[in-house]
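Enquirer: Kindly produce the complete structure, drawing on both the sequences and the hints.
Under my numbering, the first residue of the sequence shown carries the number 1487, and numbering increases by one thereafter.
Any given hint could turn out to be false.
To be verified - When the alpha-carbon atoms are kept at most 27 Å apart in a straight line, the in silico DSSO-like pairs for lysine-lysine are as follows:
#: 1; residue 1: Lys1919; residue 2: Lys1832
#: 2; residue 1: Lys1582; residue 2: Lys1612
#: 3; residue 1: Lys1919; residue 2: Lys1941
#: 4; residue 1: Lys1941; residue 2: Lys2017
Hints listed in this document are in silico derivations from the structure and should not be mistaken for laboratory results.
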Amino acid sequence: MKNNFKIFFFFIYFSSNVFAEDISISAKNVSIDKIREVSIFKKEVVVKTENKTIESEFVEYSKKKSFMVIKDNILVTDDKKNIIKADYAEYFEDTKILKTKGKTIIETGEKYILVGEDFTLNNKDKIIKSDKKSILEDEDGNKIFLDNFEYHDEKKIFKSIGLIKIQDKENNNYELTQIYIDTKEKEILGTDSKAFLNAKNFKVDDRNNPRVFSNTVNIKKEKSRFDKSIFTLCGYRQNDGCPPWTIQSKQMLHDNLKKTIYYKNALVKFFDIPIFYFPYLSHPDPTVDRRSGFLPPTMYDSKNLGSAVSVPYFFDLGLDKNFTFTNRLYVSENPLFFGEYNQAFKNSNLLTDFGYTAGYKNTSESKTKGDKSHFFGKFVKNFRSKNNFENTLNLSMQEISDDKYLKLYKIKSNLVDYNIDNLEKSINSTHVKDDLFFGFNASVYETLKNNYNDKYEYILPELTLNKNLLSNEKFESIELSSIYKLHNYDTNKLTNFLVNDIDLNSNEIKLNNGLSTKIMANIKNINYESKNIDIYKDETTVEVYSALGILSEINFQKNSDNAKHLLKPKMLVRLAPGSMRKESSGTRLNPSNAFSMNRISDINNYETGLSGTIGFNYKIKNKNNFEKFNFSLAQVINERQNNKMPDKTSLNEKLSDLVGSNNYKFNENFELQHNFSIDQNYNDINYNEIGTKYVYNSFSMDLDYLSEKKHIGNQDYFKTELNLKNKDKGLLSFKNKRNLVTNSSEFYNLSYEYINDCLRAGLVYRREFYNDSELEAENSLMFKLTLVPFANINSPKLD
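Expert: Structural data, given as structure tokens:
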């Protein structure tokens, strides 16, 4: 028999035996089952124990058994600010154990959220545990997946053994077999760690799978430590093969505050073969754009200087400037020290590169002692002036103490290229507004070649003015161009030129028969003074030249089902009265410059005489407007021979060479180019250049043949370049230039490069030639290894 009491609020206080705790229960509805000897509490039930408050909608309490059943919307709070939510629980008063069944949620006082099933809360030992799968999430959104757990409330530590997975907010994943989580210190300890770093900023290539495997791991907000670790950036290999490179270390430490990764006793392996050992190694983590620190070292070998290693150090001096210092240490020679300083200003940039070495330690007759150094600098500024001119200013400085210095040490950077043959010091500025251009240039050049009596050449100053005077419906353009240039070379040779040009181009006059005509005119005024130059007069000289040209063209077009044929015959009649100076320099005649008004490259001279140029352009386009064939032909007919024109142009003859060019594209993969120059008798080919480009899937081929004869030159060679790619994993390359005059190779390179997502490895055979007693020719076989994203490692060269 049950007695039911329905009251607005009822409060009961139970004082149990001496081993039990005091419990108070309040509820809206209370009933007593005398047969079962239990009290039943319903609606807004509140149970208070020694250090917990339990709220629910139903409680059944047996004082005799010291046992309580709690159901419906259970909310447990304790004095540690932990909160437990469930729908069913049992409380054992004697042992002070609360067991939940079904889904249970715990919110700790440290703002961790634990979701799982069937939790056991031991109030004596202050331990919460479960043998069911659970998910622990911290306040940052990092999730830990557990097969089981044990939470020590006093120590604020979670424990778990089994399959443990961590997924952080950056989508990095960790797998562990044992874990300890200090929720107060925000620290994780784990064993048998496998860390899969999936954050995008940790990858160089989309195919990368960065990962760290370690015996133990310690993760904090400021630092993460991996003990007895192995790290790689490489993607997964088939059949779980070993990655191309790994870094194995006694300890790997990631400092999140310093954004640096440190290694102790680091061993770098290449396909599981040890190649380098570093007692200590460090590098910035991938989130760093740039920072001060050591850059990857470089190892290489030179026949002229021997083996060396360089270790650059980068100084981050601010957002707008940086400095890189490099010490290149040779085994048997004096070291080379050089630096690069760069700074960005508002609308301008400064770049500098400088170096110093004490020179040869081991001297000989060809290797003399003495310091060697260089300084290269460049300053560029772009700005708009008050009168709306767009202005640029360029300052350049190149200085070395020894002509062989750059090639000997093979210095190459953003500013320095050891292959250069001239040094330049210059000031250059330009000013542009609408159709007006003004330029200023002052330059000093120094040649590094041996066969020059005077190494220096001066252009001081050079002024350029261009102005579009007129453009309307009658005239396409009337332009004024003026150049003033003071030139000093070979010690005592001096020219002082002021050249003015007026160019007139009319709009096309189109006739009903399809013929279009264009009138072109030019007036050139040359003013000069010269000293010690045979081709120029010694006194002040003023020369005026003019030319009138009429260019006529007619367009023919024939359409078929699959192609469009375009034929354009052209004729230029040019008249330039007067007599020119003897010209020694010139460029080869081709179908393009044959129809220009001035076919001399020197602005200080002028082509005179009456001449006519005839030729045509012929094109074939398919129905998709793809140009398959292009052929041009031209020849200049002079009224008389002009021995003052340069021989190379063939314009010194009454009838010039017949020049042509054609380009035939068989398809998008295969192209044939041909440029030629046939002697006026149409029997001899003085210039013959044939080039082919062929690409098919992963194979590409470039073949070039050049033959120059008679007045054009004396070259005859064949160049080859072959490349074969193995999808995205390898590249086989061969390059060769064969001199057919001397029947010898000028250079040849044969290389194979293996490429994947994290490594580039190559074998290169190279032949280098030097026509110099100090620099010896080298045959080299070099193995090159690049660990992405770290250093290049070059093996010594093998003779």
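Enquirer: Please work out if Lys1919 and Lys1832 have their alpha carbons no farther apart than 27 Å.
Expert: Judged against 27 Å, a Cα distance of about 22 Å means the pair holds.
Enquirer: What's the verdict on Lys1919 and Lys1941, does the C-alpha distance respect the 27 Å limit or exceed it?
Expert: At roughly 38 Å apart (the allowed maximum being 27 Å), Lys1941 and Lys1919 break the hint.
Enquirer: Hinted pair, alpha-carbon criterion (27 Å max): Lys1582, Lys1612. Please report holds or violated.
Expert: 10 Å, holds
Enquirer: With the threshold set at 27 Å, check whether the alpha-carbon distance from Lys1941 to Lys2017 stays at or below it.
Expert: 19 Å, holds
In the structure shown, a violation is registered for the earlier hint numbered 3 alone.
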